[in-house]
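Required output: the full structure, derived from the provided sequences and hints.
One line per chain: the protein sequences are A and B, in this order. Residue numbers for the first sequence follow our numbering, beginning at 110 and rising by one. Residue numbers for the second sequence follow our numbering, beginning at 58 and rising by one.
Pair by pair, the computed Cβ-Cβ distance ranges are:
id	chain 1	residue 1	chain 2	residue 2	range
1	A	LEU194	B	ASP79	44 to 50 Å
2	A	TRP367	B	ARG187	23 to 29 Å
3	A	GLU217	B	GLY162	40 to 46 Å
FYI, nobody ran anything at the bench for these hints, they're computed from the structure. This structure is a prediction, so every number in the text was calculated from the model and none was measured. Beta carbons: idealized from backbone N, C-alpha and C, even for Gly.
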Amino acid sequence: MPSKPGFIFCLTLTLLLMAVILLPLLVVVLGSCVNASLLGLSSDLWSGSRHDIFDFSAFSYLLQNYGDWALFSLELVLGCVAICLLVAVPAGYALACHPFPGSLLVEELVLLPLSLPGITLSMALLAAYGELRGPLLVLGGHLLYTIPFMLRVVTATLRSFDVGELEKAARSLGASLPQRLFLVILPNLRHAMMVGSLLVFAVSWGEFNVSFLLNRGRPQTFPAVLYDTYTNQSIQISSAATTIFLAIVIPAVIAIQWLGGREAADLEQGA
Amino acid sequence: MSILIEAQALSKNYGAVHAVHDFNHRFAPGKITAILGPSGSGKSTTLAMIAGLSDPDGGTLLGDGSDLTRVPAERRNFGLVFQDYSLFPHLSVQENVEFGLRVRGVGRAERREKAVAALELVRIGQLAGRRIHQISGGEQQRVALARALSFSPRLLLLDEPLSALDAQLREGLRGELGRILGELSLTAIYVTHDQVEAMSLGHELIIMRGGRIEQAGTPLEVYTRPATPFVATFLGCANLVQGECFRSGGETRLRLPFIELSAPEGTPVGPCQVMLRPEDIYLATEGEGQLRGEVTAAEFLGNQARLTVSAGGCVLAVNASNESIPAPGSAVSLRLREAKLRIMPRGG
Numbered sequence: 110m111p112s113k114p115g116f117i118f119c120l121t122l123t124l125l126l127m128a129v130i131l132l133p134l135l136v137v138v139l140g141s142c143v144n145a146s147l148l149g150l151s152s153d154l155w156s157g158s159r160h161d162i163f164d165f166s167a168f169s170y171l172l173q174n175y176g177d178w179a180l181f182s183l184e185l186v187l188g189c190v191a192i193c194l195l196v197a198v199p200a201g202y203a204l205a206c207h208p209f210p211g212s213l214l215v216e217e218l219v220l221l222p223l224s225l226p227g228i229t230l231s232m233a234l235l236a237a238y239g240e241l242r243g244p245l246l247v248l249g250g251h252l253l254y255t256i257p258f259m260l261r262v263v264t265a266t267l268r269s270f271d272v273g274e275l276e277k278a279a280r281s282l283g284a285s286l287p288q289r290l291f292l293v294i295l296p297n298l299r300h301a302m303m304v305g306s307l308l309v310f311a312v313s314w315g316e317f318n319v320s321f322l323l324n325r326g327r328p329q330t331f332p333a334v335l336y337d338t339y340t341n342q343s344i345q346i347s348s349a350a351t352t353i354f355l356a357i358v359i360p361a362v363i364a365i366q367w368l369g370g371r372e373a374a375d376l377e378q379g380a
Numbered sequence: 058m059s060i061l062i063e064a065q066a067l068s069k070n071y072g073a074v075h076a077v078h079d080f081n082h083r084f085a086p087g088k089i090t091a092i093l094g095p096s097g098s099g100k101s102t103t104l105a106m107i108a109g110l111s112d113p114d115g116g117t118l119l120g121d122g123s124d125l126t127r128v129p130a131e132r133r134n135f136g137l138v139f140q141d142y143s144l145f146p147h148l149s150v151q152e153n154v155e156f157g158l159r160v161r162g163v164g165r166a167e168r169r170e171k172a173v174a175a176l177e178l179v180r181i182g183q184l185a186g187r188r189i190h191q192i193s194g195g196e197q198q199r200v201a202l203a204r205a206l207s208f209s210p211r212l213l214l215l216d217e218p219l220s221a222l223d224a225q226l227r228e229g230l231r232g233e234l235g236r237i238l239g240e241l242s243l244t245a246i247y248v249t250h251d252q253v254e255a256m257s258l259g260h261e262l263i264i265m266r267g268g269r270i271e272q273a274g275t276p277l278e279v280y281t282r283p284a285t286p287f288v289a290t291f292l293g294c295a296n297l298v299q300g301e302c303f304r305s306g307g308e309t310r311l312r313l314p315f316i317e318l319s320a321p322e323g324t325p326v327g328p329c330q331v332m333l334r335p336e337d338i339y340l341a342t343e344g345e346g347q348l349r350g351e352v353t354a355a356e357f358l359g360n361q362a363r364l365t366v367s368a369g370g371c372v373l374a375v376n377a378s379n380e381s382i383p384a385p386g387s388a389v390s391l392r393l394r395e396a397k398l399r400i401m402p403r404g405g
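Structural data, given as structure tokens:
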């Protein structure tokens with residue numbers, strides 16, 4: 110138990126930090142629906158009703174004009190999650206449980222895109238696969254950024270317990286390869302796959318550079334809605350777009366934290 | 058239900074290391090065979106080959122006359138209890154025990170019934186609903202045994218199942234394990250580095266060293282008539298004394314540094330080693346001993362005492378009663394149980 114003055118200091122510092130982080134977000138969220146001019150604040154770019162303090166018309170506007178962008182972005186994100194699960198989980202299993210000469214190098218190379226600026230990666234992809242420019246290449250770009258997250262989470266989990274011994278136990282009990290996969294390996298990876306999926310979701314949902322540079326025409330991904338509205342629309346509309354963006358990504362981030370905490374607790378208990 | 062397992066010249070190499078070499082043995086059906094050896098002797102590798110978890114580089118494994126050498130582990134129907142238990146952390150105790158039945162397509166009701174019976178056999182029926190991390194090491198060991206028995210395996214393999222437990226628990230569970238295996242009359246192979254476990258549980262004992270079988274036989278045979286000095290010293294405490302057999306007056310005699318005795322008929326003449334167990338040398342009253350010595354150390358072991366006695370230039374371990382332990386420096390008279398002497402060739 111910390112001393113009382115120490116506890117008050119830590120609490121104050123934490124609350125201040127939270128305020129610094131959350132205040133801009135709060136202003137943006139409120140900016141999407143609260144008529145600031147009625148509160149005596151300047152709001153030249155307010156595009157809603159001049160007489161009502163709350164106005165949600167920006168959301169309708171976004172739905173009408175950018176609904177297909179949001180849908181495209183969600184499809185892209187879900188596709189990304191599905192492909193990451195299908196590719197990175199078996200790859201992670203192979204790398205962690207059946208290492209081969211050079212497997213560590215492969216692991217490091219998979220992480221390489223994370224250290225590259227989006228523009229560099231995009232230009233490289235365009236140079237190599239320019240004829241595929243469009244949604245397919247955007248998906249490819251997103252996968253290069255998201256597979257490393259899934260792979261890392263899966264390999265770290267597999268290395269945290271002796272999956273090889275569990276497989277041997279399952280074999281000795283008569284389990285075939287598919288039974289070992291579905292009854293032993295995947296159930297023990299459920300937390301890792303969930304955390305990995307949410308990470309992939311959050312990264313893919315927020316990715317802008319690669320999406321913007323590799324796509325052709327409309328619809329664009331949802332971060333491009335932010336770009337478009339902040340450059341061409343009122344603050345109210347761009348704030349509404351930001352609010353929608355946050356409403357999707359924040360639950361994912363909270364879920365990652367919660368599941369990560371649960372996994373750590375399970376590992377400590379040997380489960 | 059018991060299977061006759063026969064290993065013919067099984068061998069396994071890891072690079073240049075011969076982990077197991079020319080392992081030949083017929084495992085008695087319905088009996089427990091204990092494989093005993095120091096670390097690196099190849100006992101666990103042998104078990105892994107019998108289980109099907111490691112492919113032999115040479116040799117054949119027969120089960121009731123059928124070649125099992127290349128049959129995968131999952132199709133052998135052998136139960137295996139691992140050293141670290143390898144229980145499934147995502148399943149409850151009961152689900153762990155049901156696993157072998159589940160993968161065989163046994164219906165829910167039947168597998169529940171069999172799992173409950175297996176848990177009752179190992180006396181932990183009340184833990185069925187617990188998670189693995191909620192039970193103790195001893196209880197986990199019982200779950201591992203119940204899991205390996207639940208699907209009625211043809212052969213039960215146990216890889217140092219008690220080694221992860223503390224001494225007191227290990228002793229209690231050893232008796233329990235003996236009771237369960239005795240009730241089931243199952244062919245079992247029990248790998249251990251603990252000689253007490255091996256001798257108390259095994260109907261038959263295999264001593265391994267450097268990937269080879271050093272000796273096989275009943276525990277009594279192996280203990281009392283070790284084939285090599287290694288077996289003599291590995292299995293219990295043994296005094297090894299250099300001696301020589303020679304013919305004299307129409308009989309074979311054995312000369313040791315501290316005594317000369319008649320040797321059993323047929324003992325080859327020449328240099329030899331003689332094994333004397335500490336319990337086969339005893340303190341005699343003054344004047345009735347065969348040899349005299351000086352106590353150089355005395356250890357109180359609870360139920361008895363262990364003396365180190367210097368006699369004729371040899372150092373002998375001698376068991377003594379714990380009632381009157383001679384002090385170091387005192388002179389003692391000793392007698393030997395001559396019938397228990399074991400004469401072996403030198404070397405090994």
